[in-house]
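Take these sequences, add in the hints, and give me the full structure.
Protein chains in written order, with my numbering: chain E, 449 to 743; chain X, 449 to 743.
Please keep in mind that the hints were generated in silico from the structure rather than gathered at the bench. Be aware that a few hints might be false.
Same chains, same label: a pair holds when it works inside one copy or across any pair of copies.
Below, a list of computed lysine to aspartate or glutamate pairs in the DMTMM-like style, where the Cα atoms sit at most 20 Å apart [unchecked claim]:
1. LYS732 with ASP707
2. LYS732 with ASP682
3. LYS732 with GLU657
4. LYS732 with GLU721
5. LYS732 with GLU579
6. LYS732 with ASP655
7. LYS732 with GLU659
8. LYS732 with ASP654
Spelled out from the first residue to the last, the chains are:
2 protein chains.
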Amino acid sequence: MAEPLFRRLALLGVGLIGSSVARAARERGGLAGEVVANARSEATLARVRDLGIADRTEIDPARAVEGADCVMLCAPVGSYAQLAEAIAPHLAPGCILTDVGSTKQSVIRDVGPLVPEGVHFVPGHPLAGTEYSGPDAGFASLFEGRWCLLTPPPGTDAEAVERMAEFWRRCGSMVSGMEPAHHDRVLAIVSHLPHLIAFTICGTADDLEGETRQEVLQFAASGFRDFTRIAASDPAMWRDIFLNNREALLEMLARFTEDAQAMARAVRWGDTEYIEDRILRGRKIRQSLIELKQA
Amino acid sequence: MAEPLFRRLALLGVGLIGSSVARAARERGGLAGEVVANARSEATLARVRDLGIADRTEIDPARAVEGADCVMLCAPVGSYAQLAEAIAPHLAPGCILTDVGSTKQSVIRDVGPLVPEGVHFVPGHPLAGTEYSGPDAGFASLFEGRWCLLTPPPGTDAEAVERMAEFWRRCGSMVSGMEPAHHDRVLAIVSHLPHLIAFTICGTADDLEGETRQEVLQFAASGFRDFTRIAASDPAMWRDIFLNNREALLEMLARFTEDAQAMARAVRWGDTEYIEDRILRGRKIRQSLIELKQA
Numbered sequence: 449m450a451e452p453l454f455r456r457l458a459l460l461g462v463g464l465i466g467s468s469v470a471r472a473a474r475e476r477g478g479l480a481g482e483v484v485a486n487a488r489s490e491a492t493l494a495r496v497r498d499l500g501i502a503d504r505t506e507i508d509p510a511r512a513v514e515g516a517d518c519v520m521l522c523a524p525v526g527s528y529a530q531l532a533e534a535i536a537p538h539l540a541p542g543c544i545l546t547d548v549g550s551t552k553q554s555v556i557r558d559v560g561p562l563v564p565e566g567v568h569f570v571p572g573h574p575l576a577g578t579e580y581s582g583p584d585a586g587f588a589s590l591f592e593g594r595w596c597l598l599t600p601p602p603g604t605d606a607e608a609v610e611r612m613a614e615f616w617r618r619c620g621s622m623v624s625g626m627e628p629a630h631h632d633r634v635l636a637i638v639s640h641l642p643h644l645i646a647f648t649i650c651g652t653a654d655d656l657e658g659e660t661r662q663e664v665l666q667f668a669a670s671g672f673r674d675f676t677r678i679a680a681s682d683p684a685m686w687r688d689i690f691l692n693n694r695e696a697l698l699e700m701l702a703r704f705t706e707d708a709q710a711m712a713r714a715v716r717w718g719d720t721e722y723i724e725d726r727i728l729r730g731r732k733i734r735q736s737l738i739e740l741k742q743a
Numbered sequence: 449m450a451e452p453l454f455r456r457l458a459l460l461g462v463g464l465i466g467s468s469v470a471r472a473a474r475e476r477g478g479l480a481g482e483v484v485a486n487a488r489s490e491a492t493l494a495r496v497r498d499l500g501i502a503d504r505t506e507i508d509p510a511r512a513v514e515g516a517d518c519v520m521l522c523a524p525v526g527s528y529a530q531l532a533e534a535i536a537p538h539l540a541p542g543c544i545l546t547d548v549g550s551t552k553q554s555v556i557r558d559v560g561p562l563v564p565e566g567v568h569f570v571p572g573h574p575l576a577g578t579e580y581s582g583p584d585a586g587f588a589s590l591f592e593g594r595w596c597l598l599t600p601p602p603g604t605d606a607e608a609v610e611r612m613a614e615f616w617r618r619c620g621s622m623v624s625g626m627e628p629a630h631h632d633r634v635l636a637i638v639s640h641l642p643h644l645i646a647f648t649i650c651g652t653a654d655d656l657e658g659e660t661r662q663e664v665l666q667f668a669a670s671g672f673r674d675f676t677r678i679a680a681s682d683p684a685m686w687r688d689i690f691l692n693n694r695e696a697l698l699e700m701l702a703r704f705t706e707d708a709q710a711m712a713r714a715v716r717w718g719d720t721e722y723i724e725d726r727i728l729r730g731r732k733i734r735q736s737l738i739e740l741k742q743a
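Given below as structure tokens:
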């Protein structure tokens, strides 16, 4: 078994992602000698102990990070500023501070200024997840075959970045670096906007008058169902993502809305050519995904 | 084996749905003694013969329906008026004329006036499908456990309606009657709008500048992928559905757009309460689906 990359890994947050990292560390060698789990609630930590996925639990984030050579923020991104403030004075010199949040400019904005001299700040984002949440939802293989994007600010210690890259590779991921603003734009269209749309259409359906609303559930199999799956995701996490990737999300939503209005106009006026063109683009993109084996 | 419900079933169109009906008739007893397949192109009929899923193929719809006691329109709904005109004089007295289209008011508008005296018109819609199309895409079990909605106009012969209900039950479906305008509203929200959104967002992504566009494909797993699956569906079929359920579709799109704009405003101004409420509705709907075992 490979020597663990980290002596002590502190996970701040043990939901779907955090608890999956904990399980990966337990089941695979070479990740961490010891895992310390922190969460906001004692109930979550009790569950972590029942599941036996961490070596130690700590309700106080400052105590959780003591002596850790890797500290990973796995809580909703909206809580990062407060968490960083709580742990900054307690971070060990030379330790790596990383995260798994879905927005990266906000993380650099909120956490960056609080990182003490001598601590390496390596923001990251494993593109993995399910619609389930909480410590029970995690599993060790969640990251296998999935991308993990690292967005270190300029000047970050290259060795620290490489250690995090190796960490995710040992979790089974493919790793790539990306500029934070570019990350936020790409994620806005591939993930954040689809989730906003899914949440919205569920609300639209929920607002329909009685009988139709009942039938929406009864006959959901015809397309709507695919939207409700992603709409089942964790509310606090998604609220924070929307608020922390505001600019890119609103831009992508504006583009989408323009395109949807153009489609509405084509439907109203019977512009078959326009409608067919848009449908064929959908097919083409699907075909590209199949060729890239992402479908 | 049960006595077949129909001596001769004529399928006008042998795409995903038509070829699935043909296969169901072949593999299950009790549906049809003989299946005649018609399509617009000789190439499709040649494929049907290769697949061996019909007893006879006919390129001329008028000849295809001769002597049939059940004629089922399985082509895109936009072709129904022309098809009905071609077959009307050739329909056998007492035969049932039915269809599988996704819009029902348009079918009654386009086909109803052409139905000869003594022919029973029973519009129907099996809520089943995949993102694949053409005679190769069908399979005999497509309708199992799925709903089939029948929308007969007032005054339709009750025995004819019951025979079609029995036909779909023997295909494995659950059958329900529905008023045509109500059908079109329900389908607009559960199926037509989700497809319009999926086609649109694929186009929006396809319009992005070079690098981001490439990464949309690379990182599609994060939500976008679910939208591309339904966006792969048959273009001619969906063009016709959009154009033939115009009013209900535009109304549902307008409601959705208002809701998406309200969400955009909440994101812009940081209205966490509103955002959380909409996300929780998505979850609630998903939960209801799971309870109804539709998820």
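20 Å Cα cut-off: does LYS732 pair with ASP654 within a copy, between copies, both or neither? This pair counts as between: shortest inter-copy Cα distance 9 Å, intra-copy 32 Å.
Since the copies are identical, ignore which copy is meant and state whether LYS732 and ASP707 lie within 20 Å (CA to CA) inside a copy, between copies, both or neither. within (17 Å within a copy, 29 Å between copies)
Alpha-carbon proximity between LYS732 and GLU579, which holds within one copy, between copies, both or neither at 20 Å: Classified as between; 13 Å across copies, 27 Å inside a copy.
Same-copy or cross-copy closeness of LYS732 to ASP682 [CA-CA at most 20 Å]: between (31 Å within a copy, 12 Å between copies)
Given identical chains, is LYS732 near ASP655, meaning Cα to Cα at most 20 Å, within a copy, between copies, both, or neither? between (34 Å within a copy, 13 Å between copies)
With identical chains treated as interchangeable, where does the CA-CA distance between LYS732 and GLU721 reach 20 Å or less: within a copy, between copies, both, or neither? within (16 Å within a copy, 39 Å between copies)
Which holds for LYS732 with GLU659 at a C-alpha limit of 20 Å: within a copy, between copies, both or neither? between (37 Å within a copy, 17 Å between copies)
20 Å Cα threshold - placement of GLU657 relative to LYS732: between (37 Å within a copy, 17 Å between copies)
Checked against the numbered hints given earlier, this structure breaks none of them.
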